[in-house]
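> So the chains spell out like this:
Number of protein chains: 2
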Amino acid sequence: MSDRTELKELGEFGLIDKIKKAVTISNKTTITGIGDDCAILDSKGQQIVVTSDMLNEGVHFDLGYTPLKHLGYKAAVVNFSDVLAMNALPSQLLVSIGISNRFSLEAVDELYAGLLKACELYNVDLVGGDTTSSINGLTLSLTAIGFQDADKIVKRSTAGEGDLICVSGDLGGAYMGLQILEREKAVFKGSPDVQPDLDGFDYILERQLKPEARKDVIIELVKREILPSSMIDISDGLASELFHIATDSNVGCTIYADKLPIDPMTSTVAQDFKMPPETAALNGGEDYELLFTIKQADYEKVKGWREVTVIGHITDKAEGVNMVGSVGSIIKLNAQGWDAFLSK
Amino acid sequence: MSDRTELKELGEFGLIDKIKKAVTISNKTTITGIGDDCAILDSKGQQIVVTSDMLNEGVHFDLGYTPLKHLGYKAAVVNFSDVLAMNALPSQLLVSIGISNRFSLEAVDELYAGLLKACELYNVDLVGGDTTSSINGLTLSLTAIGFQDADKIVKRSTAGEGDLICVSGDLGGAYMGLQILEREKAVFKGSPDVQPDLDGFDYILERQLKPEARKDVIIELVKREILPSSMIDISDGLASELFHIATDSNVGCTIYADKLPIDPMTSTVAQDFKMPPETAALNGGEDYELLFTIKQADYEKVKGWREVTVIGHITDKAEGVNMVGSVGSIIKLNAQGWDAFLSK
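Residue numbers (the numbering used here), protein chains in the order written: chain B, 333 to 676; chain E, 333 to 676.
If several chains are the same, the list does not tell them apart, and a pair holds so long as it fits within one copy or across any two.
Taking lysine-lysine pairs in the BS3-like style, the calculated list, with each CA pair at most 25 Å apart, reads:
| id | residue 1 | residue 2 |
| --- | --- | --- |
| 1 | K649 | K664 |
| 2 | K353 | K401 |
| 3 | K449 | K350 |
| 4 | K627 | K555 |
| 5 | K353 | K449 |
| 6 | K555 | K633 |
| 7 | K340 | K401 |
| 8 | K484 | K360 |
| 9 | K449 | K352 |
| 10 | K360 | K376 |
| 11 | K401 | K350 |
| 12 | K449 | K547 |
| 13 | K555 | K360 |
Hint data in this document are derived by calculation from the structure and do not stem from the laboratory.
Working from the sequences, and respecting the hints, build out all of it.
Now the structure itself:
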């Protein structure tokens, strides 16, 4: 057994890094491979961004509380979010599903109803994929594609010292919504006669079950004539994404705890769960908001934009990734992003 | 239970058709969506073909006799084959894997070694994907991309009456290789002390375990200045693919049993299994050869090309899909392609 290394020892990011190092790029149409929200391909100056995600039953979703229509919708939106994070609009989607005979045609219809609803709302064409059976459980694998001019694509590796760090919407809601769902599921398992008590949690439940990607923010950036200096979407939690930008851009950053946009309901529920709301914002994933940096000269252009909050700035690499607490203390952050292998 | 329709009642092609009907296309960059080996996207005259495939443990592969390296190689090649079938060369690949903790890092390394070997040999860049955990079993989902000028892309829907039907390589080998593997697995299960007897079956075992996509044929077509009038790769068996071309091109076709290219080893093993070799060629899948049609005027250009056999011609739609048997009898074919839902 001495030749066996467990995957969790390496972790998801370690494995991705290992794969990245083993890969060589040889086609001139490949601009950027592994390492951003999307790969970037070039077609005579017009660039194509492409991203894939896999969702497995029991790991990424629990059909005990996720309706199939919501699952389809969310799976599509999560991929659109990656395309948007490159400053491109998603235009095509490929969907592969593996389903066991536990599922009926009606169940598959529900799943596709959600996928197609998302495609309709985001103006994306479902152009292909694969439908196949699996021994047990449901597996979804999606690939989303977008087109953008080469000089308008925004990567996570191009933040510069002094740039302002911005985040769209609010953070931590999806994570607290998941805590509510898990709590009510546990109650239900204990006493199946008790109905789950989900009243009054609509906002954070929707953040978890039916998130939206920030196409509106990408469109508004164009209107405000802002080209971010770097961008990433927040799928694994703010801290994890800050580390991606800092590492890949070879910079440090400082954010301010009292600037973090947190919805009052997120705060209240976090306190019920004895968790600082900032922890939900920093470590909770699945908000699908956009984290981006702008040149200081663009500060006036984001002022008064309700959907965007400036939470800090980019520093020299030597300073690391820090948060200034509400009493002025400086907290060294670490990348507690969700890790596919550690969590199981 | 009256609202429950089993997936096998509809079948894989029925489900794809249903999804296709529910989809509307609204982006001008989408040229063709569901319904060919790849979707076709347009980027200012340069077109992009893209295809996705999902492979699930226990359905598409059996790790009892498929080494992980071979699995990775085959998974990549199968997708390259779809891109080649559009008359484009694959240039990028995205790989998503779902793995349970049953697998070690060394196992994942083996899988990627196979994927990367295929990428190296076919000059394809691995540009992205997803690495994630699954509750049990191994799931692979791949997306392959290729670029081609708009006027050189070849679809399955453009065969014309009188065109000659060509096939590359030989057929039925992968299927007979699978029969050998299944037989030896059954023997091994019955008496674990008996070593599997795979000697002398190298060619058909390699056809099953380590197939190649016909990039050489696509390159040779250019050298011979042949642009096929339609093309598809043979993944589900010749009969199934003939039906795809006939249905989508709105034509009929006639092939000749004695023209079918079948390797002597395939014939011998088929006879051992009491199966007519033509059945292996017509119904056995996974050969990954190319089935294409050419204008009669191009006949001289394929003459003497050892890798390509003319097996019949395209007819009027009313005649249907037929095979002329070795004694001159006419057999109506049906599309006994491998069906993902029926087979389980």
